Structure formats: C-alpha cells, structure tokens
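There are 2 protein chains.
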Amino acid sequence: MKWTDLDENWCPVARTLSLVGDRWTLLILRDCFLGMSRFDQFVSSTGATRHLISDRLKRLVEAEILEKQAYSERPKRYEYVLTEKGQEFAPALMAFRDWGKKHLPVRRQSQG
Amino acid sequence: MKWTDLDENWCPVARTLSLVGDRWTLLILRDCFLGMSRFDQFVSSTGATRHLISDRLKRLVEAEILEKQAYSERPKRYEYVLTEKGQEFAPALMAFRDWGKKHLPVRRQSQG
DNA sequence: TATATAAAGTTCTTATTTGGAACTTATGGC
DNA sequence: GCCATAAGTTCCAAATAAGAACTTTATATA
Numbered sequence: 005m006k007w008t009d010l011d012e013n014w015c016p017v018a019r020t021l022s023l024v025g026d027r028w029t030l031l032i033l034r035d036c037f038l039g040m041s042r043f044d045q046f047v048s049s050t051g052a053t054r055h056l057i058s059d060r061l062k063r064l065v066e067a068e069i070l071e072k073q074a075y076s077e078r079p080k081r082y083e084y085v086l087t088e089k090g091q092e093f094a095p096a097l098m099a100f101r102d103w104g105k106k107h108l109p110v111r112r113q114s115q116g
Numbered sequence: 005m006k007w008t009d010l011d012e013n014w015c016p017v018a019r020t021l022s023l024v025g026d027r028w029t030l031l032i033l034r035d036c037f038l039g040m041s042r043f044d045q046f047v048s049s050t051g052a053t054r055h056l057i058s059d060r061l062k063r064l065v066e067a068e069i070l071e072k073q074a075y076s077e078r079p080k081r082y083e084y085v086l087t088e089k090g091q092e093f094a095p096a097l098m099a100f101r102d103w104g105k106k107h108l109p110v111r112r113q114s115q116g
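The listed protein sequences derive, respectively, from chains G and S.
When you line the first sequence up against the numbering used here, it's residues 5 to 116, in that order.
When you line the second sequence up against the numbering used here, it's residues 5 to 116, in that order.
Rather than coming from a laboratory, the hints here were simulated on the basis of the structure.
Treat the hints with care, as some may be off.
Note that identical chains are pooled: a pair holds if it fits in a single copy or bridges any two copies.
Taking lysine to aspartate or glutamate and the EDC-like style, the derived pairs with C-alpha atoms no more than 16 Å apart in a straight line are [claimed, not checked]:
{"id": "1", "residue 1": "K72", "residue 2": "D44"}
{"id": "2", "residue 1": "K106", "residue 2": "E92"}
{"id": "3", "residue 1": "K105", "residue 2": "E12"}
{"id": "4", "residue 1": "K106", "residue 2": "E88"}
{"id": "5", "residue 1": "K105", "residue 2": "D11"}
{"id": "6", "residue 1": "K89", "residue 2": "E68"}
{"id": "7", "residue 1": "K72", "residue 2": "D59"}
{"id": "8", "residue 1": "K89", "residue 2": "E71"}
{"id": "9", "residue 1": "K106", "residue 2": "D11"}
{"id": "10", "residue 1": "K89", "residue 2": "D102"}
{"id": "11", "residue 1": "K72", "residue 2": "E83"}
{"id": "12", "residue 1": "K72", "residue 2": "E88"}
As the structure is a prediction and not an experimental result, all values here were calculated from the model.
From just these sequences and the hints, can you work out the full model?
Put into structure tokens, the structure is as follows:
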C-alpha cells in the first residue's frame, strides 16, 4: 500500500498523514513556522537532499498548505509561505515540540 | 542523511520526528489509542506490510513508547501497550485528527 | 571578456527501504 | 492428520532516497 492511498481513509489522522506523514515534510513546516521560506534554507536547515525538498514542496503547494510566491521578477525567484490551512497546523507541531522537550532531552550539543 | 540522525538535533520537533516521523509509526500509535494492541490488528488496520509493522513496533518498544507484554504463556504471545511516555503523545494525534477533520473531509466512503 | 556568486531547481547513478506473498513456530480443535 | 490462529521472518522485485554534479538566469568583479 502506498501512503498517498490514505487520502480517502475514514480516519482523519490517516488522511492528515497522507499529506504530512513524512519527516522531511514536517521539518519543512517547522521551518516555515520559524520564518523560513526559501528552497536553500529548507535544504540546509533540514539536511534533506535538494531532490526531496523539491518533491515535498510540490506536494505541500498542491495540498494548499504552502503557497508559492514570486519575490523577484528577474531572475524569477519564488518563496514558499504558509496558507491559512498551513498556519492551522501549528498545534500539531507544538504538540511534537512539547513531547520532544519532555521526553527526548539532548545529551550532547549537535547541529542539524 | 538518515532520519534516525535527527535524534540529537537541537530542535525538539526534529528529535520527535526521528522516532515517530513516519506514517506507519503514527498509525500504529493511533491504533493504540483506539484500544488495539496486537500485531495482526496493526497489520489489518493500517494496511502496512507485516515487515513494516514488525520493524516499527521494535523501534517503538526500544524508544519506550510501547511496552511488549505477554498475554499468553503457551504459546508465548505478546501484545503492545502504550507506556506513560506513549500516552503523552495523545495531544499530537488529536491535533492531527482535528486538522484532518477540518481540512480534509472525505468525499466518498472508503475503507482502510 | 572571463570568472565568480547566488537561487532554485533538475539529472544521474548508486544505495536503502518498502511491498507482497509465502513460510515458520507453537498450540489447540475436529 | 489437517485446519486455524497469532506473531513474526524470509525472499526478491519495485519504489524511494542519498549524494554529487549540472542547469538556468542574472548580478558583481577583475
């Protein structure tokens, strides 16, 4: 079974996962909430490959969670910003953050 | 980069994703909150392969999110139950559920 | 003119993960 | 002996991801 097959599942959790049930997608959304919006920012912040970021941004735009906006005309450059639908994903990320802070403390300092 | 490499990331969201940032893992947790606890229940409920379920349950037990408990001695049979750490994941799943209910309504009835 | 930089991707090849079905082990019932 | 149940494991083909280099459009510098 493919995970996109979950999009018509009876369970709202499953349907949500068909879109964002993937670590890189969720990291991109985290970055958006931290104020990032550009391709290369997502690449260096998440550590995912350019290929992955490209793919996940397309999905997020198609799902209307992010919106692609031109911020420069020449050369044509785009950035990705949260739609209202995307903004409303905040509680989920905050729940992840809280759980991680409580149950997965960092031992040694590392960078990502 | 491998996703398990996120486990020492500075960001608590990333650390959380290193454990549960995967659709099948989160669906297994959803099932646990719905009262399921057995291997075959997870297989048929999620639609994931036995292989995947086996792998994800191992990770969840290792992370102390689930606990493996014998419910039969002969033959030896185990079930998986949420630990307190696992229970505290509820708010995250509820956030997913709420977002899905609001933003991803089902069109036609389907089963998963 | 030639070179370098920047941003946002795409392309290529190799490695890792997943899918799907069948098989295993232990036990009880008919 | 034969079938069923539960919890996995094994095998191979198919799909995804990793990593690095390349492309495109345009500005800046020597």
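Results for each hint:
Within a single copy, K72 and D44 get their C-alpha atoms as close as 14 Å, which meets the 16 Å cut-off; across copies the closest is 43 Å, which misses it. With identical chains, the CA atoms of K106 and E92 are at most 16 Å apart between copies only, with a shortest distance of 10 Å across copies and 23 Å within one. Taking the shortest Cα distances, K105 and E12 sit within 16 Å of each other only across copies (12 Å), while inside one copy they are farther apart (33 Å). For a Cα distance limit of 16 Å, the shortest separation of K106 from E88 across copies, 12 Å, qualifies, whereas the shortest one inside one copy, 29 Å, does not.
Taking the closest pair of Cα atoms, K105 and D11 come within 16 Å of each other only across two copies (12 Å); inside a single copy the shortest separation is 30 Å, beyond that limit. Taking the closest pair of Cα atoms, K89 and E68 come within 16 Å of each other only inside a single copy of the chain (7 Å); across copies the shortest separation is 33 Å, beyond that limit. For a Cα distance limit of 16 Å, the shortest separation of K72 from D59 inside one copy, 14 Å, qualifies, whereas the shortest one across copies, 37 Å, does not. For the homomeric pair K89 and E71, the shortest alpha-carbon distance inside one copy (10 Å) is at most 16 Å, but the shortest distance between copies (36 Å) is not.
Taking the shortest alpha-carbon separations for K106 and D11, only the inter-copy value of 14 Å comes in at or below 16 Å, while the best intra-copy value is 31 Å. Taking the closest pair of Cα atoms, K89 and D102 come within 16 Å of each other only across two copies (12 Å); inside a single copy the shortest separation is 22 Å, beyond that limit. Taking identical chains as interchangeable, the C-alpha atoms of K72 and E83 lie at most 16 Å apart only when both belong to the same chain, with a minimum of 6 Å there against 46 Å between chains. Proximity of K72 to E88 under the C-alpha cut-off of 16 Å is restricted to the intra-copy arrangement: shortest distance 14 Å within a copy versus 41 Å between copies.
Of the numbered hints stated above, none is contradicted by the structure.
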